[in-house]
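K.L.:
Each chain is listed here by its residues.
Protein chains: 2
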Amino acid sequence: MSRPSVKAEKKTAIMSAFVRCIAKRGLDATSLDDIAQESGISRSLVRHFAGNREDLVNQVADYVAYEFETIWRQQEQAHRSDSSDDWLATVLFTADPEGDYKAMLPAFYALLSAAHRYPRVSERMTQCFELYVADLTEELQQRHPKAGLDACQQVALGVISIYFAWDGFRGLALAQTIQHNNQKLVTRLLATLN
Amino acid sequence: MSRPSVKAEKKTAIMSAFVRCIAKRGLDATSLDDIAQESGISRSLVRHFAGNREDLVNQVADYVAYEFETIWRQQEQAHRSDSSDDWLATVLFTADPEGDYKAMLPAFYALLSAAHRYPRVSERMTQCFELYVADLTEELQQRHPKAGLDACQQVALGVISIYFAWDGFRGLALAQTIQHNNQKLVTRLLATLN
DNA sequence: GCATAAATTGTCACAAATGACAATAAACTA
DNA sequence: TAGTTTATTGTCATTTGTGACAATTTATGC
Chain A
1 MSRPSVKAEK
11 KTAIMSAFVR
21 CIAKRGLDAT
31 SLDDIAQESG
41 ISRSLVRHFA
51 GNREDLVNQV
61 ADYVAYEFET
71 IWRQQEQAHR
81 SDSSDDWLAT
91 VLFTADPEGD
101 YKAMLPAFYA
111 LLSAAHRYPR
121 VSERMTQCFE
131 LYVADLTEEL
141 QQRHPKAGLD
151 ACQQVALGVI
161 SIYFAWDGFR
171 GLALAQTIQH
181 NNQKLVTRLL
191 ATLN
Chain B
1 MSRPSVKAEK
11 KTAIMSAFVR
21 CIAKRGLDAT
31 SLDDIAQESG
41 ISRSLVRHFA
51 GNREDLVNQV
61 ADYVAYEFET
71 IWRQQEQAHR
81 SDSSDDWLAT
91 VLFTADPEGD
101 YKAMLPAFYA
111 LLSAAHRYPR
121 VSERMTQCFE
131 LYVADLTEEL
141 QQRHPKAGLD
151 ACQQVALGVI
161 SIYFAWDGFR
171 GLALAQTIQH
181 NNQKLVTRLL
191 ATLN
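From first to last, the protein sequence lines are chains A and B.
Residue 1 is where the first sequence starts when you use this note's numbering, and the numbers rise one by one after that.
Residue 1 is where the second sequence starts when you use this note's numbering, and the numbers rise one by one after that.
In case anyone wonders, no lab produced these hints; they're calculated from the structure.
A hint or two may mislead.
Intra- or inter-copy, both count: the list cannot distinguish identical chains.
[Said to hold, decoys possible] Only pairs whose alpha carbons sit at most 20 Å apart, straight line, appear in this in silico EDC-like list of lysine to aspartate or glutamate:
| id | residue 1 | residue 2 |
| --- | --- | --- |
| 1 | Lys11 | Glu138 |
| 2 | Lys7 | Asp33 |
| 3 | Lys11 | Asp150 |
| 4 | Lys146 | Asp33 |
| 5 | Lys184 | Glu123 |
| 6 | Lys184 | Asp150 |
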C-alpha cells in the first residue's frame with residue numbers, strides 16, 4: 001500500500017548520535033545540526049522522525065535509560081556467580097569490554113543534571129535510578145546476609161552516587177585519580193557490610 | 001581627575017547574578033540577557049565590566065572557587081574543635097546557616113561538568129578541588145591518627161565526590177532521599193578509619 | 001567652568017538555532 | 001499503471017544570543 005517505514009531504525013540512529021554528541025558537547029550545547037551531522041541524517045529528517053527539540057530530549061532519556069538498564073542487567077548476569085568481594089567493582093569499573101557503559105554514562109549523567117528542566121526526563125531517570133538501587137540492594141542482601149536491609153540500601157545508593165559522580169568530574173585533570181579512587185571507595189563501602 | 005570606577009563592585013554583582021542563573025537554568029542555558037536581568041545591570045554594561053562570554057565563564061569560575069574556599073575555611077574553623085565523630089557530616093550537611101554552600105553548589109558543580117570545554121575553568125576547579133582534598137585529608141589524619149595517609153586521602157576524595165554528586169541529582173524526585181543517604185554515607189565512610 | 005575618564009544607553013549587524021512547510025522522489029499495493 | 005504513504009530535499013521566517021561601537025551622561029580634580 002505504501003512505502004515501508006524506516007522510522008524505528010532512523011530513530012535509534014538519531015538517538016545514538018545524540019548520545020555521542022552529548023558526550024562531546026553536553027546536552028544544551030548540542031544542536032539539531034550537530035545531531036544531523038553525527039548521524040548523517042539531514043536536520044529536516046531528524047525533525048521528521050524525532051520531532052522538535054523537546055521531543056528529542058525526552059526520547060533520548062527513554063533511550064538512554066533503556067540502554068542503561070539493558071547493559072546493567074547483562075553485566076549483572078555475567079558476574080552473578082562471581083563470589084569475589086569486589087564483584088561490584090569488577091562489574092562497574094573493569095568489565096566493560098565494548099565500552100558500552102562508558103559510552104552511555106556521559107549522556108546519562110547530563111540527563112540527570114538537566115532533569116530539573118524536563119519533567120518527563122526527571123520521571124524516567126528517577127525510574128531507572130530506582131530500579132538500579134532496588135536491583136543492587138537485592139544483590140547486596142544476598143551476598144551479605146548478615147547486613148540489614150537499611151545498610152544494603154544505603155550502600156547501594158552510595159555506590160551508584162559514587163559511580164555517577166565520576167562523570168561530573170571528567171573535565172578535571174584529576175578525573176583518572178578520582179575514578180581510580182572511586183573504585184577503591186566502592187570496595188571500602190562494601191567491606192562495611194561484613 | 002576622573003569619575004570613580006565601580007568596576008570591582010559591579011563585577012561581583014554580575015558574578016553573583018551569574019551564579020544564581022546557573023543554579024536556575026544551568027551554565028549553557030544562561031545568556032548574557034539572563035545575567036543582565038538577574039543583576040539589574042544592562043547587557044551592554046555586563047559586557048563592559050566583565051567582557052565577552054568566555055571571559056564571564058572564566059571569571060565566574062574564579063569567583064565560585066574563591067567563595068567556596070572561603071566558606072569552606074570558615075566552616076572548618078567553626079567546627080575544628082568538634083570532637084564528635086560526625087563533625088564532617090555536620091559541616092557539610094547541617095551547618096550552613098545562611099545557605100552559603102547550598103547557593104554556591106549548583107554553580108560549582110555546573111562548572112566542574114563544563115570544565116572539559118573551558119581549559120581555564122578546568123585549571124581553577126582542579127586547584128580548588130585539590131586544596132579541598134588536601135585540607136580534608138589533613139584534618140582526617142589528625143582525628144584518626146591510627147589510620148594511614150592513603151586511607152585518609154581515599155576517604156577525603158570520596159567524601160567530596162559524594163558531596164558534590166548530590167547536586168547532579170537535584171532534578172530527580174529522589175534528590176532529598178539521596179542527600180539524606182549521602183549524609184549517612186559520609187558517616188559510614190568515616191567509621192572505616194577507626 | 002573645563003578637561004578627563006569612567007559609566008551608561010542604545011543601536012546595528014551577524015550568526016546560529018529552531019520551527020514550519022512546500023515540493024519532489026521513492027517504494028509499495030491493487 | 002494509478003494511487004497511496006512515506007522518505008527526502010530544500011527553503012524561508014523568526015527568534016535568540018552575541019559582538020561591536022557610537023553617542024551621551026556623570027562624577028571627579030584642577
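K.L.:
If a hint holds in the structure, say so; if it doesn't, say that too.
P.N.:
How the hints compare with the structure:
1. Within a single copy, Lys11 and Glu138 get their C-alpha atoms no closer than 34 Å, and across copies no closer than 52 Å, so neither meets the 20 Å cut-off.
2. With identical chains, the CA atoms of Lys7 and Asp33 are at most 20 Å apart within one copy only, with a shortest distance of 19 Å there and 39 Å across copies.
3. In this assembly of identical chains, Lys11 and Asp150 lie within 20 Å of each other by CA distance neither inside one copy nor across copies; the values are 41 Å within and 48 Å between.
4. Within a single copy, Lys146 and Asp33 get their C-alpha atoms no closer than 54 Å, and across copies no closer than 57 Å, so neither meets the 20 Å cut-off.
5. Neither within a single protomer nor between protomers do Lys184 and Glu123 lie at most 20 Å apart by alpha-carbon distance, with minima of 31 Å and 25 Å respectively.
6. In this assembly of identical chains, the alpha carbons of Lys184 and Asp150 lie at most 20 Å apart only when taken from different copies (11 Å versus 22 Å within one copy).
Hint compliance for this structure: hints 1, 3, 4 and 5 are broken, all remaining hints hold.
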